[in-house]
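Trainee: Respectively, the protein sequence lines represent chains A and B. Residues in the first sequence are numbered consecutively from 1, following the working numbering. Residues in the second sequence are numbered consecutively from 344, following the working numbering.
It is worth saying that the hints were derived from the structure and are not from the lab. One thing to keep in mind: the hints can contain errors.
[Said to hold, decoys possible] In silico DMTMM-like links for lysine to aspartate or glutamate, alpha-carbon gap of 25 Å or less:
1) K248/A with E417/B
2) K206/A with E237/A
3) K107/A with D424/B
4) K107/A with E612/B
5) K248/A with E164/A
[Stated by the list, open to error] What the simulated footprint calls covered on chain B by chain A, stretch by stretch (three residues with Cβ under 8 Å from a Cβ of chain A suffice, anywhere in the stretch; the number is not a length):
6) 354 to 361
7) 451 to 458
We put the beta carbon where it would ideally sit given N, CA and C, even for glycine.
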Amino acid sequence: MEPRNQSPPDPNPLTPRTEPRNPRTEPRNLRNPGTPEPSSATVELENVSVSYGRNRAMRDVTATFRPGAVGLLGPNGAGKSTMLKALLGFLTPDQGLMRVLGLDVAKAPLRIRARLGYMPESDAHIPGMNAVSFVAYCGQLAGLPAVDAMQRAHEVLYYVGLGEARYRNVETYSSGMKQRIKLAQALVHDPDLLFLDEPTNGMDPKGRQEMLELIRDLAHNKGVNLILSSHLLPDVEYTCDHVVVMDKGAVVAQGPIQDLKGPGGRVYELRVKGDEVAFVTVLRGQGMECHGTDEDVMRVFVPDGQDQRLLFELAARHGVQVRHLKPSMPTLEDVFAKAVGED
Amino acid sequence: MPIHDQSYRRYAGPRDEPGHAWTVIAWAGIRSMITKRMFIGLLIFAWIPFIVRAVQTYIAANFPQASMLQPTVETYREFIDQQGAFVFFVTIYVGAGLVANDRRANALQIYLSKPLMRMEYIAGKLMVLGTFLLLVTWLPAMLLLLLQTAFAGSFAFVRGNLYLLPALTLSTLLQVLVASFTMLALSSLSNSSRYVAVLYAGAVFFTEAMFGVLTAITGSTAVSWVSFSANLAQVVDVVFRLTPRYDTPWIVSLLVVVGLVVLSMSVLERRVRGVEVVT
């Protein structure tokens, strides 16, 4: 009996064996039945600690990264890149257990890396190669046959927007182009999971937006699981559904971004005239979280059962003028500020 | 459905099991070197001694008046010695940038994020240098032996010196291994291939000069173990069943050579990593 939906035989044996990704209909991984189901985690860490000499970069980290796009958020030095490097097997943890795609990092690093794509934070390329040779070479290193690797290289270079520049030496590329080619080399072997370390670093606003669109497209339309490490809140908020927040080597919050933000309407932008420092202390005494922003307003979280009237009452009681009060939606910045205890 | 979809497509074709990446690295390295005209020139130049020896062999085989030119075991030993100069130049030209350039371009984290072990990366890079070094040592030596047999029209010389074939192979392999490991280790210490080239040349010349000075002071060649090339020469003499040229016991020279390779391996183990930890 003929299988249904069988595609016609390919007349050209050199045609790449590729097909459009449809995350809704296809199984997550045709090659490896061990790939987690959509409900399970792509990456799990249990009590992982990593040190650089005496400096502990990760402290007892326990985290779960769900399938889809997960943001790894934290200020510089929080331990985000260290976590990715430990998951890749570049760093050996002092303690703890790490699993990627259901495989133990300590026991099966090669099997894991065959299914991973890594876009490093710093500029990285193979010297002396043009873009298409470089990406094809990376495909071959990941186990693709030479012909298929070359075909995939052309495809992913078009996808990341370097189609016209693919015969140029990578060393002549601008910073933005170098970011794109790092994404291309991470994608060439069709990984099940992508690690993107600060992917918008050094990009101009237009390039940054295009990079974010690519990441969003990969995660939401192409069914690629990814972990986006960034200190830029808007990048994570735009591309990811879940977030793991790190600070000083520890996980301080994790979960779906919407859940972490909480219900809207209880966050206010507030500007006051008077003793602002004392007023913030008063607000905190009432159980309200306050943190500053780049502008001269502060964001105030009013607890359940209270509203803006309490703010006015407190201001009046302490001789402070309210010059600006506006209800706001909770943002990832609020989550982040709350999690890391930022003022 | 679009005629040609330029968006991201999944790959469902075959994949190699991990363990073959070193061949990809080696082949890419070899291909990149043979596109350089200057390097091809160097390779051609390195075959001139072979041509001279081939002519010598031909004359000795065809003109009885020139029988004193008949190649002996010493001829092959001298040939290996002569090729030592080209081993030096090829090692510098090919080897200096092998790891240093990757370090400069942060390529190590690209390599090591793929399904390959550090050992495979090192093996691939060693293979690049080793291939070209064998091309200027082992291959011409073997061809010379073949030509001599062909010109003489008999296997008498080979039969009379059966150990010559393994001796040539062993001595060239020794030369290639020591040069390759040393250069690769030096290359992993810096981001600049020029600096590595200077470092390697300096190490070779400095140890040689030191040997010369110590010999002049002590009046004995028992200190040959300080010299990189003297140790190799000493061991190769033994491999060719010739009297060692220096007073140093050959086993000491062998130990120094082995120690150098082990030290290079240890340096490579520390330096070839996906992340550099400075504490």
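Trainee: Does each hint hold? Answer for all of them.
Mentor: Here is how each hint holds up against the structure:
1. This hinted pair does not check out: K248/A and E417/B have alpha carbons roughly 69 Å apart, beyond 25 Å.
2. For the hint pairing K206/A with E237/A, the CA-to-CA distance comes to about 18 Å; that is within 25 Å, so the pair holds.
3. With a C-alpha separation of about 47 Å, the suggested pair K107/A and D424/B falls outside the 25 Å cut-off, and the hint is violated.
4. The suggested pairing of K107/A with E612/B holds, with an alpha-carbon distance near 20 Å, which does not exceed 25 Å.
5. For the suggested pair K248/A and E164/A, the alpha carbons sit about 42 Å apart, so the restraint of at most 25 Å is broken.
6. With 8 residues carrying a beta carbon less than 8 Å from a beta carbon of chain A, the segment 354 to 361 of chain B meets the three-residue requirement, and the given coverage holds.
7. Here the segment 451 to 458 of chain B counts 7 residues with a CB under 8 Å from a CB of chain A, which clears the bar of 3, and the coverage holds.
In summary, the structure is inconsistent with hints 1, 3, 5 from the numbered list given earlier, while agreeing with the others.
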